[in-house]
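Heads up: the protein sequence lines correspond to chains L and G, in order.
Numbered according to the working numbering, the first sequence spans residues 16 to 620.
Numbered according to the working numbering, the second sequence spans residues 16 to 620.
Where hints are given, some of them may not hold.
Chain copies aren't distinguished; within one or between two, either way the pair holds.
Subject to a maximum C-alpha distance of 25 Å in a straight line, what follows is the list of computed BS3-like cross-link-like pairs (lysine-lysine) [unchecked claim]:
#1 Lys600 - Lys507
#2 Lys534 - Lys255
#3 Lys204 - Lys39
#4 Lys465 - Lys585
#5 Lys606 - Lys416
#6 Lys533 - Lys466
#7 Lys585 - Lys466
#8 Lys533 - Lys510
#9 Lys510 - Lys534
#10 Lys585 - Lys606
#11 Lys534 - Lys507
#12 Lys204 - Lys600
#13 Lys39 - Lys507
#14 Lys585 - Lys534
#15 Lys510 - Lys606
#16 Lys204 - Lys255
#17 Lys510 - Lys416
#18 Lys39 - Lys466
#19 Lys416 - Lys533
#20 Lys510 - Lys600
Treat the hints as calculated values from the structure; they're not laboratory data.
Here's the letter readout for the chains.
2 protein chains.
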Amino acid sequence: MSLKSFLIGQPIETHREKHERLSKFTGLAIFASDNLSSVAYATEEILLALVVAGSALLNFALPIAIAISALLAIIAISYFQTIHAYPSGGGSYIVAKDNLGDNAGLVSGAALLIDYVLTVSVSITAGVAAITSAIPSLASHTVLLCLIAIGVLMLGNLRGVREAGRIFSVPTYFFIFSLFALIGLGLFKVATGAPVPPPGPPLAATESYLAVFVILRAFASGCAAVTGIEAVSNGVRAFKPPEARNASQTLLIMASILGISFVGTSFLADHFHILPVANQTVLSQLAAIVFGGRGIPYYLLQAATALILILAANTSFQDFPRLSSVMAADGFMPRQFGSRGDRLVFSNGILILGLFAAVLVVAFGGDTHRLIPLYALGVFLAITLSQAGMVRHWLRTRERKWLRNTFINGFGAITTAVVVAIFAITKFTEGGWIVLIAIPVIVYLTHQVKKHYDSIARQLSLEGAAPEVEFEHHSVIVPVSGVQRAVIQAIKYAKVLSDDVVAVYVCFDEDEMEMVRKKWEEFGMGVPLRVLDSPYRSVIEPLMDYIEDVRVLQPDGVITVVLPEFVPQKWWHHLLHNQTALLIKGILLFKRGVVSTSVPMHLES
Amino acid sequence: MSLKSFLIGQPIETHREKHERLSKFTGLAIFASDNLSSVAYATEEILLALVVAGSALLNFALPIAIAISALLAIIAISYFQTIHAYPSGGGSYIVAKDNLGDNAGLVSGAALLIDYVLTVSVSITAGVAAITSAIPSLASHTVLLCLIAIGVLMLGNLRGVREAGRIFSVPTYFFIFSLFALIGLGLFKVATGAPVPPPGPPLAATESYLAVFVILRAFASGCAAVTGIEAVSNGVRAFKPPEARNASQTLLIMASILGISFVGTSFLADHFHILPVANQTVLSQLAAIVFGGRGIPYYLLQAATALILILAANTSFQDFPRLSSVMAADGFMPRQFGSRGDRLVFSNGILILGLFAAVLVVAFGGDTHRLIPLYALGVFLAITLSQAGMVRHWLRTRERKWLRNTFINGFGAITTAVVVAIFAITKFTEGGWIVLIAIPVIVYLTHQVKKHYDSIARQLSLEGAAPEVEFEHHSVIVPVSGVQRAVIQAIKYAKVLSDDVVAVYVCFDEDEMEMVRKKWEEFGMGVPLRVLDSPYRSVIEPLMDYIEDVRVLQPDGVITVVLPEFVPQKWWHHLLHNQTALLIKGILLFKRGVVSTSVPMHLES
């Protein structure tokens with residue numbers, strides 16, 4: 016208990032829950048980290064996808080970045096609509112479920128949950144890559160550093176860091192500033208004709224390839240930049256009034272910053288002939304060139320990059336538990352995800368997210384590049400379903416400007432659907448299949464969960480039921496292994512339950528039985544002792560037969576089996592006792608009309 | 016249940032336990048396999064220990080084998096005495112404990128238990144080596160083959176193969192015959208001057224060495240041959256009368272056969288310039304030379320070797336459970352080792368032995384040679400303690416010929432003590448340290464176990480206790496999470512326990528509480544509903560406070576907390592329910608004067 020308090024703090028009272036409303040300035044800081052941070056790795060992923068073709072396709076990097084920025088704009092405008100239509104918070108799960116039905120909602124929900132896990136893994140590994148690029152001696156501890164970062168985020172969120180939202184402004188604006196400084200200085204150098212490092216020798220293709228496939232795969236990899244754009248639409252209610260307007264403007268500002276910096280860094284990387292290498296990120300290489308070596312500006316940018324990436328991972332620690340609590344409220348996820356812990360946060364969601372992210376980091380060796388093929392597919396699927404849901408929404412409500420809105424969201428839905436198809440095809444063999452299998456599996460499981468809860472609710476319902484009548488008889492049976500204090504305690508307790516108490520002794524040995532009978536005279540508290548024979552040395556079978564006999568005799572009664580139970584002071588002492596009582600309890604659990612009770616005997620050592 | 020029956024057979028009734036008495040002929044077959052089978056690897060281990068010095072010390076192999084045979088003779092004569100002094104079975108544990116006290120007995124017991132595990136590992140890996148020498152294509156499956164063999168032995172012993180003791184005669188005598196045929200034919204070839212393969216080029220030492228150390232280590236390695244000699248003394252009672260005479264004669268015959276065949280194979284290996292190689296045993300090489308290639312005689316010998324080694328492992332499956340049951344009867348091992356399973360065998364001992372042996376095989380990669388440094392140390396320690404115990408026995412009893420007997424056992428004890436010292440020094444760094452640490456750890460644990468049982472016995476004892484008086488009052492508390500069928504079942508059950516039943520509802524939400532109160536009117540069976548406030552959303556704390564209040568009010572009464580419990584049809588459905596009831600039960604377990612009871616509600620799906 017005290018370790019828990021130390022790690023996650025004292026419990027918080029329920030009534031202290033409140034919503035601090037956000038201005039556009041703080042709102043941007045809080046919701047933008049996931050989205051903006053992808054500048055740290057998106058250009059590099061495009062280049063990495065292109066180099067399998069050698070030098071031949073490298074000049075496609077900038078056009079791809081521009082195409083992705085256009086896609087970003089389309090999605091931003093689509094979400095602008097959603098925010099105004101769902102001012103109380105329009106996550107994809109809700110929009111898809113409301114307009115397209117449960118299954119669309121669940122596919123969207125499953126896809127998002129998967130992507131929240133991946134956001135943590137990808138952001139943390141990329142953040143650690145920023146650190147190890149600056150401090151190469153840490154490179155061999157990559158996985159450990161990732162796990163530490165996940166652990167810190169998990170603990171922080173279990174404590175409820177959400178409340179400290181304002182602190183987040185610092186790293187976000189610090190990163191935006193550093194990035195703009197880099198791009199500005201870079202463009203200035205380009206404009207003034209600063210010397211450019213000579214391009215390396217032409218690279219040979221590492222495999223035979225289909226140019227269009229490689230380009231589409233590079234596009235898909237770069238699309239990781241778009242993730243996080245849906246964050247604002249989930250959190251409309253967190254903004255100061257007018258909520259929808261503030262939120263939608265924040266969204267547009269965010270998308271613009273991302274578009275500019277993404278195209279900017281891609282242009283500079285191309286201009287300065289930067290290629291992805293093993294132990295240094297592309298952004299780190301670019302910073303070293305533009306800032307003229309590893310001076311203070313370089314280290315500041317790396318620090319800002321690492322910070323915002325960790326912040327990006329942190330947003331998932333709020334999104335995942337929130338989405339799973341919404342799905343739990345609908346009965347599609349285990350109820351435990353819906354209950355808040357001591358600190359008012361959805362602790363189970365936080366723990367599960369941290370666990371899955373850690374597993375992914377370990378499984379993929381802390382390598383961002385190997386995680387990317389799994390990433391963003393879920394987000395784009397969710398965006399597609401969300402936009403399709405909005406189309407349906409406009410067609411149904413025929414609100415003001417419905418035709419224009421239908422067109423905008425429809426265009427968005429078609430665009431992102433095409434992107435999903437590109438993802439599924441180009442990333443399938445590199446790990447995309449995992450996600451494509453996981454989504455239907457999760458959807459299936461959510462249905463099973465729902466089915467179970469519905470069935471329970473039906474079985475527990477007292478709707479139209481008559482009040483219960485009392486039991487006609489209570490038989491109490493005490494299995495006795497010998498005459499000792501724990502057994503006598505059980506007998507003493509049994510006597511307070513009913514007047515019909517029988518002690519039952521399973522006999523293996525005639526001599527021992529005589530001894531038991533004699534001692535029973537003295538200590539048995541007047542309870543009759545029934546001796547059962549057991550040729551196979553089993554306690555269970557003769558006992559169960561006896562219980563069954565009693566049950567048949569008293570069909571409208573109830574039977575209680577009272578068992579003594581040792582409560583040792585050290586856990587390993589459990590191993591020193593035959594667990595016959597536990598076995599009996601386990602079997603009785605499935606026998607109707609029988610309740611088993613353990614009377615604890617507290618051992619001193 | 017049916018899987019268990021299929022694997023280990025139907026239960027056997029207690030009264031069917033009987034001792035089939037053994038003649039010398041069957042007795043030798045049953046008790047000798049462990050001892051004799053070591054011929055399969057002992058010579059090889061001596062050579063392996065010597066080759067670190069290159070060719071320089073190889074000619075010491077035969078003298079070492081002769082020295083070990085002399086040691087064998089000394090130990091056999093010592094045990095001859097023990098058998099006559101302890102005709103009811105004089106294992107080292109019993110002899111050492113009786114004469115030198117608990118600690119000597121426990122050291123001896125721990126050492127033997129460790130060595131039984133090692134006997135399984137060493138014999139199985141050596142048996143598999145005999146197979147893979149003959150069929151090299153199986154070599155890559157060594158560990159798997161070892162694990163299969165251990166699994167088969169485990170299942171066989173859980174079924175109770177002991178009964179089929181007579182079958183064992185076949186492989187033992189088959190092995191003795193094959194071995195004698197090999198040695199006889201070999202000596203004949205030597206006598207008739209058959210061509211000898213030319214010795215290889217002289218080998219260089221693989222490390223700088225101290226000759227005396229290498230020789231002593233080779234001696235220690237070869238001492239593995241002696242293991243299993245104590246088996247007869249454990250099983251005196253299994254022989255036909257006159258038990259002691261039959262047993263002691265069997266012992267002498269066994270030692271003679273081992274001595275002859277060990278020295279014989281060592282001589283032939285030396286004569287034919289055989290050196291240990293990676294994928295073929297020394298015995299296999301020798302057989303191929305003597306039998307003139309891989310004909311039928313060669314394959315018969317390999318088969319006999321594999322069979323007797325598996326049989327040797329099997330003896331441990333009888334010795335380990337038997338010794339641990341004896342130690343359990345004394346309270347030094349968990350009681351579970353003392354109870355016979357369905358098939359009258361000590362199932363827990365068999366399972367634990369199989370598990371540990373399998374772990375060792377996996378940890379040491381199925382390599383006999385890497386296991387040898389751990390082996391035999393325990394046996395020699397046990398033999399030393401047993402002989403020392405016998406010295407004490409003679410000095411105390413002053414029976415007939417006590418002076419002669421004291422001398423014989425004293426000489427045996429000193430000799431084996433020297434061997435133990437040689438072991439500890441020469442094998443320490445190669446793994447011997449594991450055993451030297453494990454023995455005191457096990458001895459410590461056995462004392463802890465004994466202490467716990469003694470303490471329990473004191474606490475449970477009714478010696479001089481007055482008969483118990485009945486409880487003055489019974490308060491029943493039913494925590495209620497809402498008004499539904501499971502809760503009402505719990506209330507119905509509670510009402511049969513006492514007239515003082517209170518339902519307790521922990522309130523988080525005023526509106527919900529009003530609804531609960533209204534429904535309670537209808538379904539509550541007249542039980543009063545008590546509402547508790549919970550500012551921190553915890554169910555536990557207000558409930559525990561309430562229980563504490565009731566306890567203080569009725570100090571001479573007892574409290575029962577009745578909880579509804581879902582019994583789902585599928586195990587994973589447990590994950591879908593808040594385990595609050597489990598948590599409450601866990602906490603109440605440690606509260607004196609409170610008993611918690613679960614009323615099962617059987618869910619349909």
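Hint check results:
For the identical chains of this complex, Lys600 and Lys507 are neighbours both inside a copy (20 Å) and across copies (21 Å), given an alpha-carbon limit of 25 Å. In this homomeric assembly, Lys534 and Lys255 never come within 25 Å of each other (Cα to Cα): the closest approach is 79 Å inside a single copy and 41 Å across copies. Taking the closest pair of Cα atoms, Lys204 and Lys39 never come within 25 Å of each other, the shortest separation being 33 Å inside a single copy and 100 Å across copies. For the identical chains of this complex, Lys465 and Lys585 are inter-copy neighbours only, at 15 Å across copies versus 41 Å inside a copy, given an alpha-carbon limit of 25 Å.
Taking the closest pair of Cα atoms, Lys606 and Lys416 never come within 25 Å of each other, the shortest separation being 64 Å inside a single copy and 68 Å across copies. In this assembly of identical chains, Lys533 and Lys466 lie within 25 Å of each other by CA distance neither inside one copy nor across copies; the values are 57 Å within and 29 Å between. For a Cα distance limit of 25 Å, the shortest separation of Lys585 from Lys466 across copies, 13 Å, qualifies, whereas the shortest one inside one copy, 41 Å, does not. In this homomeric assembly, Lys533 and Lys510 come within 25 Å of each other (Cα to Cα) only inside a single copy, at 20 Å, whereas the closest approach across copies is 35 Å.
Within a single copy, Lys510 and Lys534 get their C-alpha atoms as close as 18 Å, which meets the 25 Å cut-off; across copies the closest is 34 Å, which misses it. In this assembly of identical chains, the alpha carbons of Lys585 and Lys606 lie at most 25 Å apart only when taken from different copies (16 Å versus 32 Å within one copy). Taking the closest pair of Cα atoms, Lys534 and Lys507 come within 25 Å of each other only inside a single copy of the chain (16 Å); across copies the shortest separation is 36 Å, beyond that limit. For the identical chains of this complex, Lys204 and Lys600 are neighbours neither inside a copy (79 Å) nor across copies (71 Å), given an alpha-carbon limit of 25 Å.
In the homo-oligomer, the alpha carbons of Lys39 and Lys507 never lie at most 25 Å apart, since the shortest distance is 70 Å inside one protomer and 58 Å across protomers. Taking the shortest alpha-carbon separations for Lys585 and Lys534, neither the intra-copy value of 31 Å nor the inter-copy value of 45 Å comes in at or below 25 Å. In the homo-oligomer, the alpha carbons of Lys510 and Lys606 lie at most 25 Å apart both inside one protomer (23 Å) and across protomers (20 Å), since each shortest distance falls under that limit. In this assembly of identical chains, the alpha carbons of Lys204 and Lys255 never lie at most 25 Å apart, being 41 Å within a copy and 103 Å across copies at closest.
Neither within a single protomer nor between protomers do Lys510 and Lys416 lie at most 25 Å apart by alpha-carbon distance, with minima of 78 Å and 65 Å respectively. Neither within a single protomer nor between protomers do Lys39 and Lys466 lie at most 25 Å apart by alpha-carbon distance, with minima of 42 Å and 69 Å respectively. When the C-alpha separation of Lys416 and Lys533 is checked against a cutoff of 25 Å, the pair qualifies neither within a copy, at 94 Å, nor between copies, at 49 Å. In this homomeric assembly, Lys510 and Lys600 come within 25 Å of each other (Cα to Cα) both inside a single copy, at 20 Å, and across copies, at 22 Å.
Violation of the numbered hints given earlier is confined to hints 2, 3, 5, 6, 12, 13, 14, 16, 17, 18, 19; the remaining hints are satisfied by the structure.
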